[in-house]
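> Chain by chain, the residues run as shown.
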Amino acid sequence: MMNDELQEGSAALKRPLWSKIREQLAPGIMLLPFMLNQYVLFVITAVIVILISFTSMDSALQWNFNGLDNFKRALIDPAIGLIIWNTVLFVCVTMFIKVVWGLTIALSTTYYIRSQRVGRLFRMIWLLPRVSPGVVEALLWIWIFSSGSNGILNLIMHALYGWEPVNWLDRYPLMINIALSGIMGSSMSMIIFSSAIQSIEKSYFYVAKVDGASEWVILRKLMLPFLKWPLTFLLVWQGLSMFTSYESILLLTDGGPMNRSETWALYAFHTAFSTLNFGYGSAISLFILPVVVLAMFISYRVFGFKKMMKSAQSSPQDTERKG
Amino acid sequence: MKKQTMLMVMMALTIVLSGCAKTESTNTPASQVSKTENPNSAADMDKGGVKKNVVDTSGNGNIETINIKVMTPDVSAPARANNFIEAANSLNEKLEKENSKQRVQVEAIVKSVKDDEFKQQFIFASKSDNANDIYATGYSNIGWMANGDYLLPLTGIEKEPVFQNQMPGYWDAVSWNKQVWGVIQDTEARPIFFNKNVLKKLGWTDQQIADLPKKSENGEFTLADMTDLAKKAVDSKVVNSGLMLTAGGKDLPVIFFNHGTEVYDASQGKYVLDKSHLKTTFEYLNNAVSQGMLSKGFVSESKDDMLKTLINDEGLFLQAGVWDEAKWRTRGMHKVTGNVTSEYVMNNIGAMVMPVANKDQKPVTVSNPWVYVVSKDTKYPDLVKRLLVEVSAPKLQAEHGLQSSHIPFTKEGQQYETVKKDPWLNYVSYLTQYSKFMPNDPNEPKFEKIMKDATQNVVSGSMTTDEAVDWMGKQMKIDLGEVIEK
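Chains as they are written, first to last, in our numbering: chain A, 0 to 322; chain B, -10 to 475.
Quick caveat, the hints were computed from the structure, so don't treat them as lab data.
Fair warning: there could be bad hints in the mix.
On the chain B side, residues computed to face chain A include the following (Cβ under 7 Å) [said to hold, decoys possible]:
no., residue
1, N136
2, G286
3, K435
4, N446
5, W460
6, K463
7, I467
Listed next, with one range per pair, are the computed distances between beta-carbon atoms [said to hold, decoys possible]:
no., chain 1, residue 1, chain 2, residue 2, range
8, A, W62, B, G258, 45 to 55 Å
9, B, S256, A, L152, 44 to 54 Å
10, A, G80, B, Q404, 54 to 64 Å
11, B, S265, A, V301, 48 to 58 Å
12, B, T326, A, S148, 49 to 59 Å
13, A, L152, B, P157, 44 to 54 Å
14, A, W62, B, T144, 45 to 55 Å
15, B, K36, A, L127, 31 to 41 Å
16, B, T326, A, V291, 52 to 62 Å
17, A, S240, B, K348, 55 to 65 Å
18, B, D293, A, R129, 32 to 42 Å
Idealized CB from N, CA, C, for every residue including glycine.
Modelling step: build the complete structure from the supplied sequences, incorporating the hints.
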């Protein structure tokens, strides 16, 4: 049996190149746009950004190389301290909301609500922000927190407590941005947690019930251990994307007032495209790179991401052989 | 079946919600405007659109139609682009008399674009050879546009007869590096508006109210007097807002200039860190906020909300632009009547130069004249220059001025019959004699941001006045390079 397989393998190796290409043509064509993006466009863009970061390029778009000036400048920029703090808060608190809120919805709609139909309906409602454009979400939130007397929150606070209009976005800019990103972004974690919970073998729950386990014990000892990998994936995947995302902040408060909701990626964008300082903006954006690499290293080693990737790569045959 | 229904519902929702994000088409079809139609109808205010003049080539098959694109990013003053329709007709008549085989067809594009976005679009369009031929923009963009080699120098155009009686000093606004890079399109000033009804509630007589602009101009009514009066109005609960200052890039500097702050040394081409005057200004603003006359968040508050507050008798003083009168006429800001007439504005709102901080000082305002600049990639520089001359005709200056409450920039424009008859423009045009300009240095947008951020830090309590001055110094050195410290 083993010899036959080896012979088939060596025969495949001896086949002409054209035959091999023809065999892989259909998947190759399908993958081509993505490969073009990942291995050509992305690489070209990255190289250009790196090169620009060593120039004083401004509105004139001229390549005047200035060595490490932009990187040195970032270290003495008085705005940087606040921006680092904002970024850490934004990423950590938003991730916390996304995970806790997503898990809560997933548990409620897949386990505690027994009717699958009702659970699906609730999940669909929570998915709506995913299919609505970010601009619409931001507009709705601006309306809610509008500083005028017609802002929804101001209307409510006036009706309940007689409050004068409050400029919420001016007073709590970062907190409101975190709430928007956290609550609206929790639908992704909800989907992942829901599917993970649904894939847990039902018999485990029956056995736990027969053994007299309480709902709390089932959650803590049965379900949460099964959610370890999805949680790791979410923390790494969404955590990294949070470092580089700024669209919702741009739409809601534009980083203001006084940089109080400015995050690192948004500062890079503003520096490049508002003050037209493309060289310095590119340098700022490159500072994210070591943070991302460090985060990936930690997740790979500390959170056991390596193990998860290995198990995902193993084929059923491998598992069978090991068994 | 259930799955199919769910899928259908999801798809329908996706389509409906995606429709909410419909973006403005960049390829708006142009509407043709015949010679008998008015290219500047009042209904154009605050709306985008593209218009073209009709070129009559009947009877002469050899005529070459030259297409020239003009763009303004300001929909509140559409005549900045639409005036080119009439200018093109006028130029075509001259070309016909000269037996020229060329006729000009202008595509006048009025499109609402924010300042940052406009800069990006301008740069990328220029670099990809897709720039429009002519742009209307604020004069202070000339520095970086010329520095970036995006513009056609227009030196020599100042000799054209139409510009001979231009307001003094205005060629400086379009000059950079010893060249002229644009022509002035209009001018304006940033006065202090006051609500006459509120003053009456505070016991002022009609005569006292009528005399206020003159007293402010000659220094009898000072900044301290205005601040005290604003405090009195708030304390006596006549209004919620005593004093409203706007914080746009050219608005905020007025209060700094008023305290004697120097921002730029034109002879050396460097920005100035005028520590003592900056500190005095910050202290004034901080006191005004702490005493409740000025809102803590004034730097980020909406100007339209402030205009609504004033026209509805809920505020006393507001620093705004003379052109904002047009917004009361067109944007439905009055709670009862919506739009108001110019007569209503004149009866209820007054305007004066910002009262001086020190009695022996000359009043000051800031003007931000709009200008026309020409892309260096235009294929028809001579025709474009001739169009600029045509569009600067007193009649067209007057049409733009009346529509959007801006002031014509030549003597002939200011003395044009319709302008002279307009009560508002007559009332405020004297203010331009006190105009100062922010520098048109390539770094001007960065400096404006630094000044705004520092002010916001002070009034919000994040920094003391000394800390704000130090912070400005550090940021200026980082963003602007070498600065002169005083």
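> Against this structure, judge whether each hint is valid.
We went through each hint and held it up to the structure:
Contact between N136/B and chain A, as hinted, is supported at the beta carbon level, the nearest pair being about 6 Å apart and thus within 7 Å. Taken as an interface hint, G286/B checks out: its beta carbon lies about 4 Å from the nearest beta carbon of chain A, inside 7 Å. For K435/B, the shortest C-beta to C-beta distance to chain A is roughly 5 Å, which falls under 7 Å, so the interface hint holds. Satisfaction of the interface hint for N446/B is found here, the shortest Cβ-Cβ separation to chain A being roughly 6 Å, below the 7 Å cut-off.
Residue-level restraint check for W460/B holds (minimum Cβ-Cβ distance to chain A is 6 Å; threshold 7 Å). Taking 7 Å as the C-beta cut-off, the interface hint given for K463/B holds, the closest approach to chain A being about 5 Å. Taking 7 Å as the C-beta contact cut-off toward chain A, the hint placing I467/B at the interface holds, the least distance being around 6 Å. Our hint of 45 to 55 Å for W62/A and G258/B is violated, since their Cβ atoms are close to 23 Å apart.
The given range of 44 to 54 Å is respected by S256/B and L152/A, whose C-beta atoms sit roughly 53 Å from each other. For the pair G80/A and Q404/B, the beta carbons lie near 57 Å from each other, so the given range of 54 to 64 Å is met. As the Cβ distance of S265/B to V301/A is approximately 55 Å, the hint placing it in 48 to 58 Å holds. In this structure the supplied range 49 to 59 Å is violated for T326/B paired with S148/A, their Cβ-Cβ distance being about 19 Å.
At roughly 52 Å, the beta-carbon separation of L152/A and P157/B lies within the given 44 to 54 Å, and the hint holds. Distance hint for W62/A and T144/B: a CB-CB separation of about 29 Å, inconsistent with the stated range 45 to 55 Å. Evaluation of the 31 to 41 Å hint for K36/B and L127/A yields a pass: the beta carbon distance comes to about 32 Å. With their beta carbons about 57 Å apart, T326/B and V291/A fall inside the hinted range of 52 to 62 Å.
Separation of S240/A from K348/B is about 60 Å and conforms to the stated range, judged on CB atoms against 55 to 65 Å. Here the CB-CB span from D293/B to R129/A is close to 33 Å, well matched to the stated 32 to 42 Å.
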